[in-house]
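**Q** Chains as they are written, first to last, in the numbering used here: chain Y, 1 to 475; chain V, 1 to 267; chain B, 1 to 314.
Careful, some of the hints might be misleading.
Claimed, not checked - Each computed DSBU-like pair below joins lysine-lysine, with the alpha-carbon atoms no more than 35 Å apart: (1) B:K128 - B:K118; (2) Y:K342 - Y:K387; (3) Y:K105 - V:K109; (4) B:K263 - Y:K419; (5) Y:K356 - V:K109; (6) Y:K420 - B:K118; (7) Y:K453 - B:K61; (8) V:K116 - V:K102; (9) Y:K105 - V:K162; (10) Y:K395 - Y:K190; (11) B:K118 - Y:K419; (12) Y:K105 - V:K102; (13) Y:K39 - B:K123; (14) V:K35 - Y:K105; (15) Y:K217 - B:K118; (16) V:K162 - V:K122; (17) Y:K38 - B:K263; (18) Y:K38 - Y:K386; (19) Y:K5 - Y:K420; (20) Y:K395 - V:K142; (21) Y:K395 - V:K116; (22) V:K109 - V:K142; (23) Y:K338 - Y:K387; (24) Y:K395 - Y:K356; (25) V:K35 - Y:K395.
Please keep in mind that the hints were generated in silico from the structure rather than gathered at the bench. All values reported here derive from a predicted model rather than from experimental measurement.
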Amino acid sequence: MVERKFFDEMGPDEAQVRAPYAEYANWFEGEDPRSLLKKSAEAETFFRRVGITFNVYGQKEAQERLIPFDIVPRIIAAQEWRQLEKGIEQRVRALNAFLADIYNKQEILRAGRLPEHIIAQNEAFLPQMMGMTPPGGVYTHIVGTDLVRTGENEFYVLEDNARTPSGVSYMLENRETMLRMFPELFTRMKVKPVSSYPAELRRSLSACAPPNFDGDKPSLAVLTPGIHNSAYFEHSFLADQMGAELVEASDLKVIDGRVQMRTTRGYRQLDVVYRRVDDEFLDPLSFNPDSLLGVPGIMDVYRAGNITIANAPGTGIADDKALYSYMPDIVEFYTGEKAILKNVPTWRCSEGDSLKYVLDNLSDLVVKEVHGSGGYGMLVGPAASKKELADFEAKLRSNPDNYVAQPTLALSTVPIMTKKGLAPRHVDLRPYVLVSPGRVHITPGGLTRVALKEGSLVVNSSQGGGTKDTWVLGD
Amino acid sequence: MRLSITHTTTYSYDRPVSYALLQLRLTPRNGAGQKVISWQSSVSGASPQVQYEDHFRNVTELVQMDPEGTTITILSQGEVEVENLNGVIGAGTGLAPLWLFKRPTAATKPGNTIRKLASSVKEAFAADPLDGMHKLSDAVSKAVRYTTGSTNVTTSAEEAAKAGVGVCQDQAHVMIAAARHLGAPARYVSGYLLMDGLNQQEATHGWCEIWIMGLGWVGFDVANEICPDDRYVRVALGRDYGEAAPVHGLRQGDAEEELYVSVQVQQ
Amino acid sequence: MLGRTAGGLFWMFRYLERSENTARLLDTGFRIALTGSENSSESEWESIVTTAGGREAFVQKWGDFDQANVTNFLLRDRDNSSSVLSCIEAARSNGRMVRTALSSEVWEAVNEAWMTLKEQLEKPVSVKNLAEVLTSIRQHSSLVRGALHGTMLRNDIYDFSRLGTFIERADNTARILDVKYYVLLPSAAHVGGSMDNMQWETILRSVSAFRSFRWLHEGDVKPKAIADFLILDRRMPRSLAYCLSQITGNLTYLSRGSEEELKSLALANQLDARLNGRDIDDVFEEGLHEFLKEAINQTANLASQIQDDFRFYG
């Protein structure tokens with residue numbers, strides 16, 4: 001028996017099942033593990049047939065891979081969720097207020113609550129956004145707030161994904177799969193639905209029509225880099241589900257002061273674009289001139305108030321890892337309240353004392369690149385070999401500004417279905433947040449990512465992570 | 001002094017261009033020492049798309065070349081009332097923070113030549129920033145001799161400094177890069193200049209402005225070795241030429257482009 | 001609908017049709033090889049490769065026109081854009097691009113076709129397994145077609161899909177006939193010999209028309225009747241006349257509501273008129289080869305006019 005030093009969300013053992021899982025545990029007891037394993041295999045076939053895949057870069061064969069799906073739901077009680085919801089909403093409001101400030105008056109810098117160099121030396125700051133207000137005042141229409149849990153009432157924000165958070169299609173497909181495989185469970189337990197997300201997304205984007213829009217219903221499109229993008233499935237899925245066009249840059253052109261889509265019957269005006277193309281590639285006229293994924297002139301049209309770009313360009317400054325450690329101050333500065341959700345303590349290696357601490361305690365810490373993502377270029381101290389530690393130490397010494405370090409969190413576990421029965425695995429949670437003028441909508445639940453390898457703390461799909469359906473129970 | 005300006009830009013291509021967009025920054029700014037009395041722009045061979053104030057408060061117009069066209073002509077003209085401030089513009093009106101003008105851009109990244117140039121005035125700059133900048137302007141003017149035809153719009157500051165030759169744009173870039181290297185915020189200005197005895201000019205002018213504590217923005221025209229007076233009309237600002245350029249465009253296809261510019265500035 | 005989406009649908013179904021046609025050609029070749037005489041088989045394989053439109057590429061890469069080479073070339077050579085594998089991949093890739101326009105049944109059918117065939121064609125297909133693989137190809141394309149007919153709205157999405165199918169089919173039928181046009185000419189030498197019988201059978205089998213033709217003509221196999229059947233007979237779903245009447249129909253639907261007449265529709269009408277109420281003797285008079293060459297060219301023109309009219313590309 002493995003020693004359980006981690007908080008398990010189902011409960012420490014069979015005799016002490018936590019309340020949100022009680023009904024599930026009852027049901028599970030009456031099931032034949034072999035038939036559950038069979039269902040597990042069926043789920044995989046289903047995902048593959050439907051083409052719910054992600055593309056992996058740099059691999060010739062099997063470019064499209066499945067994200068493994070685990071059939072045991074992750075269950076969150078109603079009152080737990082309410083607390084999270086409050087915290088997320090507060091944080092997302094603060095992020096938008098921060099973006100509005102940083103691209104205009106920069107009061108937070110004047111007030112000395114955030115050191116100037118955090119912004120001044122940050123590549124994610126986009127000067128082209130200065131002095132304008134995006135339609136409806138919304139910068140981050142879609143946010144994915146990554147949370148981890150370490151105890152009964154201990155939740156931490158790991159990351160604020162304010163650019164283009166992905167994975168929401170998995171949240172939706174996971175639920176569909178569970179509904180199909182275990183209808184009886186949904187009749188026994190009151191699970192809050194997630195299926196309205198695409199409609200909410202549509203509503204939310206439509207509410208941010210550009211200032212010069214004078215029609216009845218703004219036209220929407222999802223802008224994708226194309227079928228070779230790793231999240232292409234999601235792009236087409238979302239376009240399909242919310243009834244928007246799925247466009248590539250080659251479909252769009254600036255005509256008569258608007259961005260227009262090439263249809264079989266000529267050009268048609270586009271009012272709101274949910275773009276899944278990075279800032280740098282969005283407009284070759286204003287940014288990277290070599291980009292083939294962008295629409296020349298779209299930034300001009302945007303600044304002139306003739307199109308809405310979601311999320312707004314330049315939002316990357318808000319989820320930058322260099323900024324993360326200041327989030328509690330940022331929340332307080334803009335909301336006047338203490339942050340409800342905790343930040344993970346973070347050492348900025350750019351600061352001498354912190355660097356020393358990090359080097360002295362490397363084997364206990366997680367070290368991340370300030371601008372990295374996807375779990376790449378990251379050191380998990382406790383799991384690293386001597387050589388890996390030494391290599392990383394060298395990297396830290398030569399370029400300390402590039403890193404931040406955090407304690408290794410004792411991430412909670414949730415059981416997954418294995419051949420030997422239920423087994424605990426570490427998880428995180430990404431709830432999806434939609435922001436429209438005056439409204440923040442959070443879909444109950446989100447995407448639970450699970451490290452399938454025993455003992456592993458890395459949940460990224462690119463590194464052996466899987467997903468689970470996330471259930472928020474009703475009262 | 002009241003200046004009357006006529007500025008014509010013509011692009012011609014050796015074969016039809018299917019699609020081209022141009023960003024125009026051609027409208028003089030109202031501000032310290034400068035008031036626009038009248039101003040009009042028109043384009044032929046292209047259709048106006050949008051107009052807006054960019055992130056440096058430059059009036060920016062986007063125009064699209066007529067499909068399959070072979071020429072575009074842009075005509076701007078008007079009158080501007082200018083006052084001699086001896087180059088001292090003062091505090092800015094935009095939202096752009098000063099630190100933004102301290103960061104090098106791709107075109108103004110200092111290399112060894114520029115670093116050396118900057119260190120030659122380091123002490124003077126530390127003792128008296130304004131004096132230091134005058135000395136820098138002189139040094140740049142000596143180090144980069146005004147010569148047409150040896151550089152182009154994509155030449156970087158360091159390249160020009162190394163070559164030791166360039167036009168007003170290159171001299172301004174070198175000065176900007178060196179000033180930033182010394183820690184002073186610096187920016188590029190594109191505009192017009194009344195030149196004695198020269199009615200017909202073949203290009204617009206460009207110079208730089210440096211932030212001097214206590215004075216605010218102060219203009220330096222390295223090419224003419226003076227601080228801008230009432231013969232200068234400020235049109236657009238940016239961190240470098242690319243952001244303040246009168247015309248910035250993008251087009252499909254590989255047609256050969258020929259540019260013709262005529263600027264008349266008269267009293 | 002986006003022009004690019006229309007183009008994606010058009011090409012998805014062109015490629016699906018092509019994969020089926022390529023498979024059928026190979027099937028025919030095999031039949032001939034099994035039943036025909038020893039020395040004729042090499043030239044039969046050659047004419048099959050020619051029909052599939054990759055003779056030069058074949059000679060360069062594979063050399064001899066033998067059964068193993070041709071099988072590889074037609075089924076799984078990624079350098080051959082008309083191989084079944086290339087076609088299925090291209091169809092699926094286009095399908096992925098236009099996924100939001102497809103019913104989930106159609107998408108899943110094409111995705112499954114790709115998954116299955118990719119695996120089946122991963123290694124060279126042995127003679128023993130060939131029948132199974134060919135059946136699989138046929139079944140998968142039938143599944144996609146069935147899903148299209150059963151689940152898709154009859155709107156412009158459907159029309160573009162059908163246009164792709166019939167443009168490809170018209171081209172294919174014309175090519176098959178053109179490669180063998182000489183065996184259909186009345187002046188050909190040993191008319192009615194066993195050699196000719198085999199050639200005629202090849203043609204009919206290449207368009208899945210061997211049995212239907214015999215049934216309609218009560219076993220009376222005459223070259224002129226074959227040409228008539230494959231060019232002018234509107235009952236025959238792979239004849240040029242049938243394809244053109246379908247294309248005209250789809251284009252007519254697509255042109256509704258548009259102010260000026262589409263150039264592609266005008267062109268299709270013109271081609272349709274060339275086939276409508278024609279007598280096969282006329283065609284022979286005009287010259288069968290010339291007629292077929294013209295048909296191939298005009299089909300290509302029509303395809304490119306469709307592409308322009310509906311703005312497939314920017």
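**Q** Taking the hints in turn, state whether each one holds.
**A** The hints, checked one at a time:
1. B:K128 - B:K118: Roughly 18 Å separates the two Cα atoms, so the pair holds.
2. Y:K342 - Y:K387: Distance of about 33 Å is within 35 Å: holds.
3. Y:K105 - V:K109: With Cα atoms ~27 Å apart, K105 (chain Y) and K109 (chain V) stay inside 35 Å; holds.
4. B:K263 - Y:K419: Judged against 35 Å, a Cα distance of about 64 Å means the pair is violated.
5. Y:K356 - V:K109: Given pair K356 (chain Y), K109 (chain V) holds - Cα atoms ~32 Å apart, limit 35 Å.
6. Y:K420 - B:K118: holds, 34 Å
7. Y:K453 - B:K61: violated, 46 Å
8. V:K116 - V:K102: Holds: K116 (chain V) and K102 (chain V) sit about 18 Å apart, inside 35 Å.
9. Y:K105 - V:K162: Measuring from Cα to Cα gives roughly 39 Å; hence the hint is violated.
10. Y:K395 - Y:K190: violated, 50 Å
11. B:K118 - Y:K419: Given pair K118 (chain B), K419 (chain Y) holds - Cα atoms ~30 Å apart, limit 35 Å.
12. Y:K105 - V:K102: holds, 18 Å
13. Y:K39 - B:K123: Cα-Cα ~31 Å, so holds.
14. V:K35 - Y:K105: Measuring from Cα to Cα gives roughly 26 Å; hence the hint holds.
15. Y:K217 - B:K118: Status violated; Cα separation ~44 Å.
16. V:K162 - V:K122: holds, 20 Å
17. Y:K38 - B:K263: violated, 56 Å
18. Y:K38 - Y:K386: Violated. K38 (chain Y) to K386 (chain Y) sits at ~41 Å, over the 35 Å cutoff.
19. Y:K5 - Y:K420: Holds - the C-alpha atoms of K420 (chain Y) and K5 (chain Y) are around 21 Å apart, at most 35 Å.
20. Y:K395 - V:K142: Violated, because 43 Å separates the two Cα atoms, which is more than 35 Å.
21. Y:K395 - V:K116: Status holds; Cα separation ~31 Å.
22. V:K109 - V:K142: Distance ~20 Å between K109 (chain V) and K142 (chain V) Cα, so the pair holds.
23. Y:K338 - Y:K387: violated, 42 Å
24. Y:K395 - Y:K356: holds, 14 Å
25. V:K35 - Y:K395: Distance of about 55 Å is beyond 35 Å: violated.
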